[in-house]
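Visitor: Starting from the structure of chain A, add chains B and C where the hints point.
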Amino acid sequence: MPENIEKISVKLNVNGKTYVRNLEPRLLLVEFLREELDLTGTHVGCDTTYCGACTVLMNGAAVKSCTVFAVQADGAEILTVEGLEKDGQLHPIQKAFGDSYGLQCGYCTPGLLISTYELLSHNKQPSDKQIRKAIAGNTCRCTGYQNIFKAIQLAAQNRTRT
Amino acid sequence: MANKFGGEEKKWVGKALPRKEEDRLLRGRGRFADDIKLRDMAYLRFVRSPYAHARIISIDTSAAEALAGVVCTLTGKEIVPQTQPFIEIGPDSKVRDYPFAVSKVRYQGEPVAAVVAESASIADDAAELVRVEYEALEPVMDAEQALQDNSILHEEAGTNKIWHGVFEYGDVEKDFQDAAFVVRIDRLHFHRFSSTPLENNVVIGEWNLKDDRIYYSCNNSFPSFAIQFLSAHLNVHIDRIRVQTSDIGGSFGIKITNYPQMAVVALASKKAGGRPVKWVETRSEHMTSSAHGNERTFRDTRVALDKNGLITAITSRHIDDCGAYPRYEPLGCVIWSQVFPGVYRFKNARIDFTQTVTNKCPVGPNRGYSRMQHLWFLERVIDICAHELGIPADEMRMRNYIRPEEFPYTTPNGCVYDSGNYPGMLELAKQLIGWDAWKKKQAEAQKQGRLIGIGIGTTLDSGTNNFGQSQIVNPGAPFSGNSQGANCKLDIYGEVVVAVGSCPQGQGHETTAAQVVADVLNISPDLITVRTGFDTERNVHTGFSGTYASQFAVSGLSAVHGAAQKLKTEMKRLAAFVLESEEDDVEFGVGAQGPELRAKRTGKSINYWGLANIVNVNSAVLPVEMYDITLNCRYIWRAPFKVPDKQRKYGNLTLTYASQLHIAVIEVDRETFIPTILDYVAVDDCGTVINPPIVEGQVYGATAHGIGAALLENCAYDAVGNMLTSTFSDYTPITALNMPKIKYGHIQTPSPHSYSGAKGMGEGGAAPIHTISAALQDALFSNGIIIEDSFNNADSLFRALVGKEICQAERLVKLERRAS
Amino acid sequence: MLAQIGDEAKLLAGGQSLIPLMKLHFANPGHLVDLNFIPEISYIKEEDGALGFGALARHAEIENSATAAKLPIIHDCAAGIADVQVRNRGTIGGSIAEADPSGDWATVLLTQAAEVRCLSPKGERAVSLNQFITDAYTTVLAHDELVSEITVKIPPKGTGAAYLAFKRAAPVYPTASAAVSVAMEGDVCKEADIALGCVGLIAIKATAAEAALRGQRLTDKSIAAAAEAARAAADPQSDMRGSAGYKRALVVALVKRVIEIAARRARGEQVEVSHIYA
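Residue numbers (the working numbering), protein chains in the order written: chain A, 1 to 162; chain B, 163 to 982; chain C, 983 to 1260.
Be aware that a few hints might be false.
Just so you have them, the derived chain B footprint on chain A, three or more residues with Cβ under 8 Å [unchecked claim]: (1) 9 to 16; (2) 40 to 50; (3) 104 to 111; (4) 140 to 150.
DSS-like, lysine-lysine: derived pairs with alpha carbons at most 27 Å apart [as the list claims (entries may be wrong)]: (5) B/Lys509 to B/Lys804; (6) C/Lys992 to A/Lys7; (7) A/Lys124 to B/Lys903; (8) A/Lys17 to B/Lys199; (9) A/Lys129 to C/Lys1172; (10) B/Lys651 to B/Lys734; (11) B/Lys199 to B/Lys372; (12) A/Lys11 to B/Lys199; (13) A/Lys129 to B/Lys905; (14) B/Lys173 to A/Lys95; (15) B/Lys609 to C/Lys1203; (16) B/Lys336 to B/Lys323; (17) C/Lys1172 to C/Lys1052.
In short, the hints are calculated from the structure, not lab data.
Glycine included, each C-beta is placed from N, C-alpha and C at the ideal position.
Bound-form chain A, shown alone (with noise of 0.2 Å):
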């Protein structure tokens, strides 16, 4: 590791709070999100870019936070489960997986629920198969994935009848 690592003054946007920070180079967009900024909703469950429980939206795009230094979010919009609700009410999409009994321990939920997220802002009738390619980034150890399916179903269809 080299010494007197210099660090990088950042500003970006989350969930419509803007902050101005100064951070060592190395530390990951979803420490920063997690320790600095305490916004314990996004989760590590791997270290290999595999599992997407960290997955967060950047300006626009579902990445995952745990292999984006937080320094290239500088200027970037992140959005994450936190910032999804509105005035205390759930978002539709968090509102279908609950009633589709679409999470069980709830810990890969918040980033399924920002994959969703990306998936219907682009798409509004996802097919079964584009749902699958949607989430394959993202592991849920729980529910099969059955039932997600169901609330990311709903979720499309609750958003095309509004």
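Guide: This is chains B and C only, laid out in the frame that chain A set:
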């Protein structure tokens, strides 16, 4: 929702009530152990062995200690004088198990030292600076080889063998003399895998030097077991250890055995002057050194059958590989016998059971623990015999199943199967999958040279252990029975608050406990607060409290029900006094003042606040004869068990037996050898269902674990003990793209052994592993293939079909037809 | 800047391979130069009969690009890399420069007339793809040089190409993969390019397999001959993804299927390709 007044009815139990847990988890407000940050907290990182078997020559921590921000280091040598080796469950065990390797390492990833630092990243850097010198020893990677004792892991023990016992019932040899057919199976093998909860192990521990108590926030899933081990190990009075869990990101049994890391964290905190110390396991650490499921080899199996294909006797030799340290073992050496005959009627059998250590990660009770290995073995026996004798798989099962009218059924080893209907489940599963249509498609496909197989897997999920079975492995073990505690109270302002000794990981305990209490008090579940997580200070735990072994619906909810009944009785007595009425005249419901009790005769009522007020802050109005009323009712539920007969290895080992019947249709591609599931059905029977979608979710989850284990997930080691699947990217836990659509069905045969008729469930006995093995064999039997391993991916099928290295029927199986 | 820091520096493009390696302590570069703040090199364009991909064009951008869709094999590749999240970050330039033996792009581009433009303070040079990667994780890039663009010539009508991989799960590298491009004249294959991924230290150009197709009518027999030649060209290692023998068998199956898809595309058919998952 306003309820009508009345007595106790099942209004909420059995309903698809949305889970109370959901709101915080969906908002990202769950509280998982890693989310907790304490003042002055330091961070711990382990230094782990790259070798599977090696002597430790020296450990030099000086460079790590010199790094700025490092608080302290800790090694095995240092902790030995302060601690006792962990309790061993086995009889006269000479294994000395410490949370660090002391003089030698016995598996790749075993902790040899720890570094504590001001930040996680400094601890990370410092761990790299610890220099350990090793002298490599010969690793023992195969269970049968281990039993030859050429290279011994625990020298103090003098042997690698951990346990041996023979389970023999009935006149086995007579059945072999009388048999119409004898089938011999040389070797079957159940592979090592782990259900790898998505949240890794996390321990925050503080050995507070001011009050000399140890405070834990962690995700251990059997804390009352952990504190018994920790208390003895750390020489600390058990009441001085507080364990709290909050939301847990899955366990599947794996987190039962993280108590060694809990010990290290406490010792590190002590050395760090009492600062709280946090350890967050990485996924690679989890894969190499958390816990794996038991690996088991089945040798020299002989099966006697009558002329109709009815199995009359089985003999076999089973060798269980528990990895480097027994830890929870050798309990697995008896747990399997809860399902000794599986779902089948044979009475006579002899299983010679041995357990050994090897230079692999220690095992832990992984979902389906010890029973799934045995049930897979029995299902293999059924399908191999069926194929050899030319009996269709469904027919073979119908002939051998225990019949619905035989329940409660006593097994050859004295277990009492409470209820079930295996033929009914088979019928339903066949209907749901379209059995006849698939049979037709299979025949057509065969003509085109395609390889399609249809497989059945029947399995049992035995729930609520009789811990007395530990005495079968160790006659001196001081455990028996099973129990769970719960508390139900009216708080000072009349809130209904429930606490249980479980530590759920997504099973919906908050919801189902509220459903049970709601029915007792005739109020809506959203008026009930269920405390989440485990806390020793809530005083609702017994020595068996935790969440494991498919039992909450029985042990947990029985305790909750008992506590709620006690509270109800007190409330009635008190209300009768206040309302100047008789207890029989008082009814429960929700009225104008919220939840209240009402005298039918007078119509006068008092709400919960009123009752709680009298007991808690207005007690001068309470007559002396009612001073025993606390409205704070603790209840300990005990399972009605006897101590088993240790000599005969006989007795009832489990209270309830949920069952699963799965059918899979699989095609093996002739060119890529990839097995693809074309159709899949899972039928479940867990007796009376408390909350149907929660049960359905558990079935899906267990099914995914089984499919993953059967096709994708294998804890593989190379010949010198390097773990080949030390990351998720190598291990490939099942994803949405691998998971077929599951058709779900259920029947209910209520258990006579639980108050509600419910049976514990959730493990699913790893049904898909049996089912997929059966379907693959069905697809490939005409090519001379017998499925001999529980793990089969495209590569194994290639090696079977093309390489002819494995799964060769002519090498594995011999059928002897006796003249009749 | 690279020239100043020297060879301790690593370039960070999408970071989807490098960051995991750093987390596992398999890579520990003294300096990391983030290229992501150079927006000029993330374009996807069509120019002079070729597609040009700025080094920082992300897999997802290529997947969703109408321009890139002109070469369906490019879409096959981009859409099949890892998962959505990784495709949203990972870049074509980073993938090529990393030269992972399991990477998808090199295998696909070996079947195309593809060039890698390399930029350094001394100037720019274009290296054809088959000369760019010299060994596993090794390219001709000098330490002060970076990939700026990848260009792929749009082949004439009558050419079709496809890419197919077998993967155990989306987020991991394939067990084996095959890319095929065929130029057809009626039933006859005039030109063929076949490349194999994950079965050698670098992507393998299966020249004998190409020869087995060249000038031949595409029949079960000629396709099988090409696939067999590809099996011989593969040089896989046994690992957790499969034994060497199995990977060779897989190559045969993949090559057969990809030739058929490529030929159908050459005839102008729209064929959707999706990788095979366990």
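Visitor: Check each numbered hint from earlier against the structure, then list the numbers of those it violates in ascending order.
Guide: 1, 9 and 16
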